[in-house]
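Asker: Sequence:
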Amino acid sequence: MEVIAPNQLEDKLMLGSGAFGCVYQAKWRSRPVAVKYFNSKTIGDDPCFEREIEALTHLQSLKHPNIIRMFARGTEGPQTFIVMEVALFSLDKIIHDLKKEYDYNFNHFMSWTLQLALALECCHHNSIIHRDINPTNLLLFDDGRHLKICDFVTAKLLDDAAFTDTFIGTPYYLAPEVVEGKHSFECDVYSFAVTLWEMITRHKPTLDLNQEGQPHPYNVFRTIGKGARMPTIIGIPKFLWELVTKCWAQQPVDRLSFAEIVRKLKRVPYKFKNEPLSSRIENWLKEGEVELKVTRINMHGAPGAGKTCSQRLLLNEPPPPWDKLTDSTSVACPAVQATRISIDDKNRKWEKVDIEDLLHQLASTEVDEVPRSEDDISDSSDELSEEKPATNEPPKKPTKNKRSESESSETEPTENEPTKNEPTKKKLVQKISTENISTENKLTNTEVGERILHAFKTGKSKKLNANWVYFIDSGGQPAYRELLPLFTKAAALNIITIDLTKGLDEKSNFQYRISQNMFPIKTKLHYSNRSIIRSTISSEAMVNPIKFPYVSDMPKHHHYLILGTRKELVTEEKLKEMNESLINSSNLSLKSVIWNTPQESIIFPVNTMLPAGSKEREDASMEICTELSNCRVEMTIKLPIRLFTFEISLQLEAERKKRSFLTKTEVIKIGKSLRLDEESDIITALQYLHNVTIILYYGDVLENLIFINPKPILDVLSRLIAITYVSQAKIQSIADPPPSPGEKNSLVKLGLFKEELLAIIGKQIFNNDFQPSHMITLLKHLHIIAEVENKEEGHYFFPCSLPSCDKIEEPSTKIQPLLIAWQIGNSGTKTLAIPQGLFPLTIVHLLEQRDYVDFTPVGKSYYRYYDAMSLHVYIEKKKYTIDIVNCYTHIKICFYDCKKACPQIRKLVIEAIKRSSKNLDVDDNHIFAFKCAADEQCYCIVKEDYSSTICTHCRSPCEVLESDDDSCRCWFSDQISSPGVEASDAPSKRHGGQPTELDTSHLIDILDLLWDHGYSGVDYYFLGLRLGLLPRTLDVIKENNKDDVRGCLTKCLTAWLEQRDNVKNRTYDALIQALRKMGEKAVADGIERNRN
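Residue 401 in the UniProt record's numbering sits at position 401 of the sequence shown, and the numbers go up by one each step.
Calculated directly from the structure, the hints in this document are not laboratory data.
Glycine included, C-beta positions come from ideal geometry on N, C-alpha and C.
Be aware that one or more of the hints could be misleading.
Claimed, not checked - Here are the computed lysine-lysine pairs in the DSSO-like style, where the Cα-Cα straight-line distance is at most 27 Å:
id : residue 1 : residue 2
1  : 860       : 918
2  : 591       : 814
3  : 730       : 763
4  : 830       : 879
5  : 892       : 507
6  : 352       : 246
7  : 763       : 780
8  : 672       : 349
9  : 489       : 349
10 : 943       : 931
11 : 669       : 658
12 : 664       : 489
13 : 878       : 907
14 : 814       : 892
15 : 931       : 807
16 : 1042      : 914
17 : 780       : 749
18 : 99        : 672
19 : 352       : 591
20 : 830       : 892
21 : 489       : 780
22 : 900       : 879
23 : 99        : 286
24 : 763       : 286
25 : 556       : 576
26 : 638       : 293
27 : 658       : 293
28 : 638       : 567
29 : 749       : 730
30 : 266       : 293
31 : 711       : 763
32 : 182       : 226
33 : 507       : 567
34 : 567       : 547
35 : 900       : 830
36 : 638       : 657
37 : 567       : 489
Stated by the list, open to error - Ranges of calculated distance between the beta carbons of each label pair, as one might list FRET restraints:
id : residue 1 : residue 2 : range
38 : 31        : 216       : 38 to 46 Å
39 : 907       : 806       : 13 to 21 Å
40 : 1008      : 627       : 39 to 47 Å
Whenever a hint applies, use it, and build me the whole structure from the sequences.
Answerer: Given below as structure tokens:
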């Protein structure tokens, strides 16, 4: 055996100590090992060391799979050591210390029993008695599948059949003859029987279950010597109890030999040959974890640019028929439309993965080898088996063992019970239930588990690919693009699709397609290929990286690939010209754009209509896929396997119920069946799926609904907009029965609709659990619509349904328009941009401030358009009118009245923009600017001191805030002193108006205000009482949200906003007064300041 120096052992960590020494875990030659140090000072003085070396050396040459392997020996100072295999757990730890973490079933027990018997048969065959068999000296390897004997300190190599020595070992496991100093092979058989009793009962050996404390070892020896044994076990197969009693017989000659024991056991465990397979998957489904490389891709582009066709090409799927129009894409498609796509870098292609395919991959990941068949095993062989028993498996939750019909009468597992001829003098005989080896419902008994198991058994498993892509397609209509950020998270990779036949600056004619009909969208929006590219890059760059559970590494930047479709219809010269124009654009940031390296261009031209199955289509698909795969913009996710099975189970259940959603009760039931035991675990899983895959979950407002497939609700929203595109004659293809001309006119001209229209459009998805009112609540929560005041009850304002403005009047020169934007830098050039979706959100947030903002009349002197809106604002009890215009690179505020009111108008609009930025997950880094009078392409950006500006293009500053002209400076008169201009007071509520009635759409805003001003929420119960809630309601909230103060506060405020119990006022004033009465003056004052 190799002798090594102690410095070869690295990273030593003590595992434990005992009578003969201590054990460390360490690394030796890069492999984990156990290092056992002995107490004696020198090797010559250490009989324990020499005894273990002698026994192990003798056994190493046999390489028995159930005997610990020894690698080396050595000395460290006065101590001696040996280097051996290391195991995570001993059997003792599994039996006792880890009861809650690990249960094992009958198959585990029989497998471990056979392995122990095989090891001891080998020892005895080679004249070695272990003399200390007990669970602490039995180690488990390979997740509990493989058992090995260790600790041969007490072992003895025999020359004769028996010998006399001092007794040595652990008291309860010592045979009666050992007390007299007699050791033989049969003493190991006795210890084997006690160990079996302990494995079955999971109870420490005892002679009296009612005894308190541990008796003196000599009392144990004396009692065992008189014939006492451990209490009788009932409820186990009779043959098993007979095995135990024969092995701990009083007289050694009456005990079985290990050769006999092995023969008996070999007839039993293989009856359970299917158990290991399901249990290995059971362990995988519960504890398994995989590291995935996930790339999220958002598809962008104008309608008809070829996004859907491009996606088909990337997946090497057939193109759509030439002679048929495809329907326009909704606001957003759930990731399932582009499904989860596995990247196979080796073959350089992407491949769709459906539910069935994923189940096959999960089966392959867990089961990587086939258990041996029963035919491969000899039940009658007396020879020593050196192979691992085929039935080994990891310890897991207990499983009920079903009796095999083919069992012989010898091993018929009739239940054991006390027999009539049992000695009556054994007063310590007691009954211990064996519920430990019964089963409970297993993950493999769920539908998903059964299908994974079936996939393996039928040979359909395939390698699990760790590289994944999630595609999210989206509609290109202008209103759809503004809503997109509310339903999709930022992606690391963005594919911008442009139609090469349109050129870069040609204005697109937007169209909407449905049911083989095409309808032009009447708009003057300035969208072109160049503006689509520029707005996508600038808008996506502002969005913060997505944050969600399980992610360990995120890409630092967003990347963009420009995909040019209809390559076959443009010349190489035209393509080169477009590339050069884009590359030389001064207002386009190219630092994160992926280059088409061989051609030194940034457009990847493709023909998306190449024939299906052709070599040309396959090559085109591989070329783009390889380019995208090489971007390396994936995030690393360490994902529990339970999330795969959870997601699949949700989809299967929704399909079974023929619904796009499930209730929270249904989801929790599924989660618990998959061992997501805590509700918080389920919520975390839903949040992950909400951010990455196809699940939409808005627990703050629709706590009881989880949209497994959000496509129907996105379709309803998309069709609500599409009503404004489609002619009255064809509108039945969207809503049946169709809305009346009056209803359509109200939506188109005023942006108003009622819940009944939503019910018609979405009648196929609404039911008792998901009603139109729920969708209204969701749209209000997302600030897509605003509830209308002073209109017929039940009207909602939807800005995205309005047409675009034909013409914006020239603003007044008395007060220069204030511009609000984000500043984008590109190689020294400063350009302005705003996040996609900011404008309609800002309008809705302003209208939600009902005390200070109201609609203007509909007429020629006012704007009510998708991209321009006139609003009344109330300041110092006076009514003013502002115009807010979406210029796509910035938002413009036009005001024509009193300069004194400008600062308060600025504050009011900025507050709405801040809230909108938060909804879009964009950092609030807005800047103020004015249009430069000297250069049409230049903007005068206001510095942080609000008293000076810097121009984006002019060589010399324009000094628009420093001059005597206060047409710009009036917007900041509250920040700087200016002759003749006084700072205005806070905005006042409109004259005669009532306080704004709040509802659940304001919940997040209220919580933000409370957190911002330092409210802890600890006394939520008393706040609820002040607001009008009854104790019974608050008691339920307290019980359902134990130890979750924020959760309790959220539920308390929700109940208030839903006007439960005795709630009368749902206003900010009511909240402020309640806080003041509770002594939370600082919080109340802070909220009041914010509201004013």
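Asker: Need the list of violated hint numbers for this structure, in ascending order.
Answerer: Failing hints, ascending: 1, 2, 4, 6, 8, 16, 19, 24, 25, 27, 28, 30, 34, 35, 36, 37 and 39.
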